[in-house]
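Asker: Residue-level listing of the chains:
Protein chains: 2
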Amino acid sequence: MKIISDRVQKMIEGSSWVRRMFEEASLLKFQYGEDKVFDFTLGNPVDEPPPIFKEALKKLVENSGKGCHRYMPNQGFSETRAFLAERLKKETDLPFTENHIIMTVGAAGGLNVALKAILDPGDEVIVPVPYFVEFKFYTENHGGVMVPVNTKEDFSLDLAEIERALNKRTRAIIINSPNNPTGAVYEEEELKALSELLKRASQKNDRVIYLLSDDTYCDFLYDGLKPVNLFTLYEGTISIRSFSKSLFIPGERLGYVAVNPLFEEAQPLIEALILANRVLGFVNAPALMQRAVRLLGDWNFDPTVYQRRRDLIYETLVEAGFQVQKPKGAFYIFPKSPIEDDVAFVRELQNKYLLLVVPGSGFGKPGYVRLSFCVEEKTIERAREKFYQVGKDFGLI
Amino acid sequence: MKIISDRVQKMIEGSSWVRRMFEEASLLKFQYGEDKVFDFTLGNPVDEPPPIFKEALKKLVENSGKGCHRYMPNQGFSETRAFLAERLKKETDLPFTENHIIMTVGAAGGLNVALKAILDPGDEVIVPVPYFVEFKFYTENHGGVMVPVNTKEDFSLDLAEIERALNKRTRAIIINSPNNPTGAVYEEEELKALSELLKRASQKNDRVIYLLSDDTYCDFLYDGLKPVNLFTLYEGTISIRSFSKSLFIPGERLGYVAVNPLFEEAQPLIEALILANRVLGFVNAPALMQRAVRLLGDWNFDPTVYQRRRDLIYETLVEAGFQVQKPKGAFYIFPKSPIEDDVAFVRELQNKYLLLVVPGSGFGKPGYVRLSFCVEEKTIERAREKFYQVGKDFGLI
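The listed protein sequences derive, respectively, from chains Y and U.
Here our numbering runs 74 ahead of the position in the first sequence, where the first position is 1.
Here our numbering runs 74 ahead of the position in the second sequence, where the first position is 1.
Source of the hints: derived by calculation from the structure; they are not laboratory data.
Only a predicted model underlies this, so the values are computations on that prediction, with no experimental measurement involved.
Each residue gets a CB set at the ideal place from its N, CA and C atoms; glycine is no exception.
Incorrect hints may appear among the rest.
What the hints assert, rightly or not - To give a feel for the contact side, a few chain U residues facing chain Y, derived at Cβ under 7 Å: (1) Ile-77; (2) Asp-80; (3) Val-82; (4) Lys-84; (5) Met-85; (6) Lys-132; (7) Gly-325; (8) Glu-326; (9) Pro-342; (10) Ala-346; (11) Ile-348; (12) Val-357; (13) Pro-360; (14) Ala-361.
Can you make the complete structure from the sequences, with help from the hints?
Answerer: Take a look at the structure:
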């Protein structure tokens, strides 16, 4: 008898290897003890929210005013949106107002809201490879088709590939810079060139091709890198942001979508985003968390600790002989697998060295593996010897 | 130039009258003062969360342990699910475990997760009329087609109508008892008959026809009514619940889906629900709120205050000459409009009497209006004279 949706059935089958691997890893932790197994698989940082945020929560809960937990407009609290608009104004020098901000259930909610607002059945969404695997599901949720395009050796954008992929069904491109899984950060020049491509194609097809910028990791920039102002480069930019990483509250599901104040047709887009937030069943971003971020003042995330972790894991992998790009942002690193079959390599790392990493196949890029370094420094240090051993055993050093 | 999705464009156009009405109402409040306008439109209760919940939040925020706001498994915290399973076990005398519970972003999230898990494109979902308008959007989000079926004069289920609507594309029926907008509560006998219908049709079509029970208002039962145990009546029951109403925290987005422990194929369904929660971008229900409900102990919602409000508004409408069913649950009442055109009637109530209500057309049932009584008692009392005046002016008394 038919129990579940065919589409969901296929997704479950397609990801059963992830679960098997996860189960094996759990078993290893159980057998050898948590501290003997080195887990570099998760995007769930070990860090705690900053004191200012904890204080804000305390204050709100102790003096919770009347109606503190009620519904608010689907767009989110006006005060919170005004606060975030003010921040964006400072960052970009553009006339953001609360009207341009839609509070969402994390960046995952924000991306779904954006895709629902713009996609018609069969519309194509370009995504550079490797990519966060959920982009495919999010696109398909709303009847879209994801079109993966290769990037260059250093994971920078391959504009010729993107140009070839653009056609009259193209509705959006999703970029994620700083990038999960590679740590790549796109440079102003390549983003300018991308904008020119998109402008020409939008004109030609008489439909806006949106630049969906998944800015989940925008605060994790290293070596003094400054964020590129995409809004100035391209009118059809929609920035999707999150407090999951910089405040270390991923479980609370708070993010927002920012529409470009320079976009002439901003108003209908904003209305569509608000409606999508409602009809997809998100309804609104969690109330208490919206109120809490409003109290952050001029607090900003400091990426110093993460830069140190980045340095440590990069050095470790280089010294172990891995071929690897130095991450410029985010908290992932994406070395080449020393053998072609990345899944087999991940298995061996797991079973022989108790090192847990994710195969590149999970990001549409076989032949690589992803390590997440949102772990404690000592975890990286203690894993160092293990990686050298891997390098030796696989003839890398 | 094409800006937004055609489907979303149509939804926006279809609901533009709601917004116009809302804007007019805001203007009235501004012109006459909030206290001169009687707003019976919203499902956003004026009440505050119970002290035990506020204390739980305080305790959690003051002693927030390490990792308090991190991701947890997509299904939700194991402790919270075990706690809710224990409650369901007591309520139903069935072997619920944490495995049967999936924590969701409100009941709206829960319904979308359930529909995503079970629907294939073109699958039909039966919904008794009048219905919560979002059911249509939720069904269409996942490629389904909503099939409205009439209810009887007293808004009880019309089983002959449902039988006629069942066919080989039918995948589910959504019931909402206690009901928004009518306040109807289905009786055990009619639910038993419905179950028999669904069993026969499931067998005939070799696919489970799910009974999605939107139990958002399950704690709002009056006159000592007890909830019917749907799980025992029908294996394919999926209960979708929410803390929005009984804890008065609708803005925090916390709910859950409960799968029937008597359902033989529960396991694949549970896996599909968990995957849907992830890929739809909900990811997980907000962490802090999950932790807080875990601390509710044996607290239960007391509907006494709401029963008094129900009595008051029902008496008022009856004395004003309206034709109206007495609500047995929820916090809505659905009288007949004294003129055929319910939208025109609502306009007149608004502009001439400063009474704000929602037209039945918004629930697929023209000729009626909905009043929400999740307002303070004194609001109902102060509106009493107004309703008598309406009754007189429209020749009802």
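Asker: Look at each hint and say if it fits the structure.
Answerer: Evaluated hints:
1. Contact between U:Ile-77 and chain Y, as hinted, is supported at the beta carbon level, the nearest pair being about 5 Å apart and thus within 7 Å.
2. Interface restraint check: U:Asp-80 against chain Y, minimum CB-CB distance 5 Å, threshold 7 Å, status holds.
3. A hinted interface residue such as U:Val-82 counts as satisfied when its beta carbon comes closer than 7 Å to some beta carbon of chain Y; here the least separation is about 5 Å, so the hint holds.
4. With a least beta-carbon distance of about 11 Å to chain Y, the hint placing U:Lys-84 at the interface is violated under the 7 Å criterion.
5. The interface hint given for U:Met-85 is met, as the beta carbon of that residue sits about 6 Å from the closest beta carbon of chain Y, less than 7 Å.
6. Interface restraint check: U:Lys-132 against chain Y, minimum CB-CB distance 5 Å, threshold 7 Å, status holds.
7. Because the beta carbon of U:Gly-325 sits about 3 Å from the nearest beta carbon in chain Y, less than 7 Å, this interface hint is met.
8. Of the supplied interface hints, the one on U:Glu-326 holds, with its beta-carbon coming within about 5 Å of a beta-carbon of chain Y, less than 7 Å.
9. Among the interface hints, the one on U:Pro-342 holds; its C-beta lies about 5 Å from the nearest C-beta in chain Y, closer than the 7 Å criterion.
10. Checking U:Ala-346 against chain Y: minimum C-beta separation of about 4 Å stays under 7 Å; hint holds.
11. Look at U:Ile-348: its Cβ only gets to about 9 Å from chain Y, farther than 7 Å, so that hint breaks.
12. A hinted interface residue such as U:Val-357 counts as satisfied when its beta carbon comes closer than 7 Å to some beta carbon of chain Y; here the least separation is about 5 Å, so the hint holds.
13. The beta carbon of U:Pro-360 is positioned within 7 Å of a beta carbon in chain Y (closest approach about 5 Å), and the interface hint is therefore held.
14. Annotation: interface hint on U:Ala-361 holds; nearest CB of chain Y at approximately 3 Å, less than 7 Å.
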